Amino acid sequence: MAGRVAIVTGAARNIGRAIAIGLAREGANVVVNAHSAADEAAQTAALVARSGGQALVHLADVSNPAGAQGLVDAAVARFGRIDILVNNAAVRRESRFDDLDWRQWREVTGVILDGAYLCAHAATPWLRRSPAGAIVNMGGMSAHGGSAGRAHVIAAKMGLVGLTRALAHDLSDSGVTVNCVVPGLIDTARGRSAQGTPAHHASHRTLLGRRGASEEVADLVVFLCGPKARYLTGQTLHANGGAYLG
Numbered sequence: 001m002a003g004r005v006a007i008v009t010g011a012a013r014n015i016g017r018a019i020a021i022g023l024a025r026e027g028a029n030v031v032v033n034a035h036s037a038a039d040e041a042a043q044t045a046a047l048v049a050r051s052g053g054q055a056l057v058h059l060a061d062v063s064n065p066a067g068a069q070g071l072v073d074a075a076v077a078r079f080g081r082i083d084i085l086v087n088n089a090a091v092r093r094e095s096r097f098d099d100l101d102w103r104q105w106r107e108v109t110g111v112i113l114d115g116a117y118l119c120a121h122a123a124t125p126w127l128r129r130s131p132a133g134a135i136v137n138m139g140g141m142s143a144h145g146g147s148a149g150r151a152h153v154i155a156a157k158m159g160l161v162g163l164t165r166a167l168a169h170d171l172s173d174s175g176v177t178v179n180c181v182v183p184g185l186i187d188t189a190r191g192r193s194a195q196g197t198p199a200h201h202a203s204h205r206t207l208l209g210r211r212g213a214s215e216e217v218a219d220l221v222v223f224l225c226g227p228k229a230r231y232l233t234g235q236t237l238h239a240n241g242g243a244y245l246g
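Taking this note's numbering, I'd label the letters of the sequence shown as residues 1 to 246.
Be careful, since some hints might not be right.
Said to hold, decoys possible - Below, simulated SDA-like cross-link-like pairs (lysine to any residue); rule was C-alpha separation at most 25 Å, straight line:
id: 1; residue 1: Lys228; residue 2: Pro125
id: 2; residue 1: Lys228; residue 2: Glu26
id: 3; residue 1: Lys228; residue 2: Leu171
id: 4; residue 1: Lys228; residue 2: Ala168
id: 5; residue 1: Lys228; residue 2: Ala2
id: 6; residue 1: Lys228; residue 2: His169
id: 7; residue 1: Lys228; residue 2: Gly3
id: 8; residue 1: Lys228; residue 2: Val161
id: 9; residue 1: Lys228; residue 2: Ala239
id: 10; residue 1: Lys228; residue 2: Ser130
id: 11; residue 1: Lys228; residue 2: Gly212
id: 12; residue 1: Lys228; residue 2: Ala213
id: 13; residue 1: Lys228; residue 2: Gly27
id: 14; residue 1: Lys228; residue 2: Gly52
Don't read these hints as lab results, they were simulated from the structure. Predicted model only: the values in this text are computed from it and were never measured.
Given the sequences, and given the hints that come with them, work out the whole structure.
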């Protein structure tokens, strides 16, 4: 992926950070996006640089059209191209459906689903110009198995599956691949947008007897962005150690 340029949203920590580092190790330059975690985003950028790629930190709210467009514009201004978009940004909260108000619904769906649409829409003209354009949307296991208290998260994450399939059709004429990676039970540090350990984590077990590492999810994402996955598009791939068999 030498010389390729990737945008990774929600890349300040955890899976997003691991994806940014993994892409850099393959030679890509990475635009590290976060909403407001400037210090952590800078740490990710430093790790990208150590891994062999150039890094640009760009703070933006991807649920806002101007924020998403500004992110893409910043990438092009710095690197002159976009080859890869990883829609990883998410807000994951839990709430009984009875208590789930419109503001909470829109906060979550706005980042996860609207953010993926806005970033993909802004980046599409550049991805079409790439000789190997790729979009990877990051799904969620609870969207496939269901879970209490996560109607907004589940609806948004399942929406990403539909968006993936639609974009695979719409962008196929330019050779742009679009896939969805669904992490399962992964050891991560939960940020301020999360509220404790999700209930569905306590009720699920993996066949492999352990939780996954962020790097194991990142390896799959990097593969989908790379030269050996050019015949894969429109697919939803699960990385969950057998916690969910779909």
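Against the structure, the hints come out as follows:
1. Lys228 - Pro125: OK: Lys228 and Pro125 at ~23 Å, within 25 Å.
2. Lys228 - Glu26: holds, 13 Å
3. Lys228 - Leu171: holds, 19 Å
4. Lys228 - Ala168: Holds, at about 17 Å.
5. Lys228 - Ala2: holds, 14 Å
6. Lys228 - His169: holds, 20 Å
7. Lys228 - Gly3: holds, 17 Å
8. Lys228 - Val161: holds, 22 Å
9. Lys228 - Ala239: holds, 18 Å
10. Lys228 - Ser130: The given pair, whose Cα atoms are some 16 Å apart, holds under the 25 Å limit.
11. Lys228 - Gly212: Distance of about 24 Å is within 25 Å: holds.
12. Lys228 - Ala213: holds, 23 Å
13. Lys228 - Gly27: holds, 15 Å
14. Lys228 - Gly52: holds, 21 Å
The structure is consistent with each of the numbered hints, conforming to all of them.
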